[in-house]
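Number of protein chains: 2
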Amino acid sequence: MRLDQYLEKKRKLVDRALDRYLPAGNVPDRLVEAMRYSLLGGGKRFRPILALASCEAVGGSIDAVLPFACAIEMIHTYSLIHDDLPAMDNDELRRGRPTNHIVFGEALAILAGDALLTEAFRIMGEAALAAGVRQRRALQVLTEIAAAVGPRGMVGGQAADIAAEHSQADLPLVEFIHVRKTGELIRVSVRTGAILGGARPGQLRQLSRYAEFLGLAFQIADDILDEEGSVQTTGKLAGSDRRHHKATFPSVLGLPASKQRLRELLDQALEELSSFNKSAEPLRQIAKLIVARACVA
Amino acid sequence: MRLDQYLEKKRKLVDRALDRYLPAGNVPDRLVEAMRYSLLGGGKRFRPILALASCEAVGGSIDAVLPFACAIEMIHTYSLIHDDLPAMDNDELRRGRPTNHIVFGEALAILAGDALLTEAFRIMGEAALAAGVRQRRALQVLTEIAAAVGPRGMVGGQAADIAAEHSQADLPLVEFIHVRKTGELIRVSVRTGAILGGARPGQLRQLSRYAEFLGLAFQIADDILDEEGSVQTTGKLAGSDRRHHKATFPSVLGLPASKQRLRELLDQALEELSSFNKSAEPLRQIAKLIVARACVA
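Protein chains in written order, with this note's numbering: chain A, 1397 to 1693; chain B, 1397 to 1693.
Just so you know, not all the hints are guaranteed correct.
Since the list can't tell identical chains apart, any single copy or any two copies may satisfy a pair.
[Claimed, not checked] In silico lysine to aspartate or glutamate, DMTMM-like type, Cα no more than 25 Å apart, as pairs:
{"#": "1", "residue 1": "K1642", "residue 2": "E1429"}
{"#": "2", "residue 1": "K1408", "residue 2": "D1459"}
{"#": "3", "residue 1": "K1642", "residue 2": "E1502"}
{"#": "4", "residue 1": "K1642", "residue 2": "D1425"}
{"#": "5", "residue 1": "K1684", "residue 2": "E1623"}
{"#": "6", "residue 1": "K1440", "residue 2": "E1677"}
{"#": "7", "residue 1": "K1642", "residue 2": "E1608"}
{"#": "8", "residue 1": "K1405", "residue 2": "D1425"}
{"#": "9", "residue 1": "K1440", "residue 2": "E1624"}
{"#": "10", "residue 1": "K1655", "residue 2": "D1459"}
Worth flagging that the hints you see were computed from the coordinates, not collected in a lab.
Same shape as in the complex, but just chain A (with noise of 0.2 Å):
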């Protein structure tokens, strides 16, 4: 399989549903303005595609995963737009455009996200009340994805992030705060897939565990092409994390320990597939692309 035309084909998937999703008629302009400017503003789509692969590897239909995949991008980006707000990490660009509040101004980038979280329950609610059979599948789904972006999840990961700002992180508060601040979400998204395709237990927990891995390498990634890459490569402004004093995996370990521990935790994720059979392949290709990204960069 070509890796980059699976991607192609599941984002334009995902991005033709989110479009249909965004509310139309009966809301001000503004604000459905503010939403689709950071929801359509070219994003990769990687944790619903997560979702969809993890889906087709245990040999379930995307269809029921669609809504679901489509919330979580709307969680994801509710997060970077209040993550932006100037009161947090003060950012001004994101995905190489303006942040969503440089746009519409603060009022609106808060009620932009809000309206986002909202929405991506709203939208669970309606796949679960469609689901049939299924509809307790699709309660534990919505159920797990709200526990893993509230205070125990990505909310607290914020939360730790910014009281970890200006202070000496160690290796376990940052692996706290990237745990809970992108782990859960990946990882949910992975199970999303997962659940509602129908997977036995223990593939459920073999592909659990590979979205722990994935996580915490994607975070590293991230954290290793803010240290070096560009703004072309990354849409943000090199050095971010730093002039921000975050806590990151290359500020406590250094950047070679960095990159030999993403390599150690892609072995481990793809390890976690070894029983799946060629269905899995976008699920090992996209961890096997994830951390070449970093250790080229």
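Start from chain A and add chain B according to the hints.
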């Protein structure tokens, strides 16, 4: 029945449940403190009590309603925290205490709001999973709540409210804003109790209309109290809407016509309950109390 005793009993029930539902452990301390500060900061629990009273009006058991009632209060609290932010209404006083961002800073206030909104859906998801044969009903309620507080509902109302500041609002615009900003959540609170309590279709329609009249009356009363009341009765500084150039009923209709409208809405709300027996007495008295507070003040 004595309404004050009824409200006090229900308020305590809700307060105890909210305390149980707040996260403990594995969450950054300051985030939990910020969530607790606003959620347990002495609200009247108007919306959750409406849900419980509506369930009782149709003869249902309130046990199944309690998690959803608490989720509604969490969502209400998140909206207050975000509305008070400097970028939004920039309020420093709420329920007679400093607002969340004054105490915890803007970053944590944004995150505490995000966390409360997300926890609300996790709690509803868990409750729906535990609802057995009534799972579909619970999922229906979760989805209705999401719709009521998203871009077509509460968040859209807040966006329209901010857009309308400093502009000359007319009655249709004031109603557009108020129906969304406060009406939708009040309506869905009543529907939550009715649906989970097993209301027949006709009862559900009547209670929904009762809630629409009540929601509008609530907002008009709030506008009047804001105009006439003191920090003692409202917990806010008097005339805060006027200082923010907010679109309100008194500003468009004048005070006498606003009070007249309020009394008409009370009659309409009570009319919808005419076929209910004594079990709807709390709903009747709540409507009367709301109108009396504003028309005596």
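Verification of the supplied hints:
For the identical chains of this complex, K1642 and E1429 are inter-copy neighbours only, at 23 Å across copies versus 31 Å inside a copy, given an alpha-carbon limit of 25 Å. Taking the closest pair of Cα atoms, K1408 and D1459 come within 25 Å of each other only inside a single copy of the chain (14 Å); across copies the shortest separation is 45 Å, beyond that limit. In the homo-oligomer, the alpha carbons of K1642 and E1502 lie at most 25 Å apart both inside one protomer (23 Å) and across protomers (18 Å), since each shortest distance falls under that limit. For a Cα distance limit of 25 Å, the shortest separation of K1642 from D1425 across copies, 19 Å, qualifies, whereas the shortest one inside one copy, 36 Å, does not.
Within a single copy, K1684 and E1623 get their C-alpha atoms as close as 20 Å, which meets the 25 Å cut-off; across copies the closest is 63 Å, which misses it. Proximity of K1440 and E1677 under a CA criterion of 25 Å is satisfied intra-copy only: 19 Å inside one chain copy versus 55 Å between copies. With identical chains, the CA atoms of K1642 and E1608 are at most 25 Å apart within one copy only, with a shortest distance of 22 Å there and 48 Å across copies. Taking the shortest alpha-carbon separations for K1405 and D1425, neither the intra-copy value of 30 Å nor the inter-copy value of 43 Å comes in at or below 25 Å.
Proximity of K1440 and E1624 under a CA criterion of 25 Å is satisfied intra-copy only: 20 Å inside one chain copy versus 53 Å between copies. Proximity of K1655 and D1459 under a CA criterion of 25 Å is satisfied in neither setting, with 37 Å inside one chain copy and 53 Å between copies.
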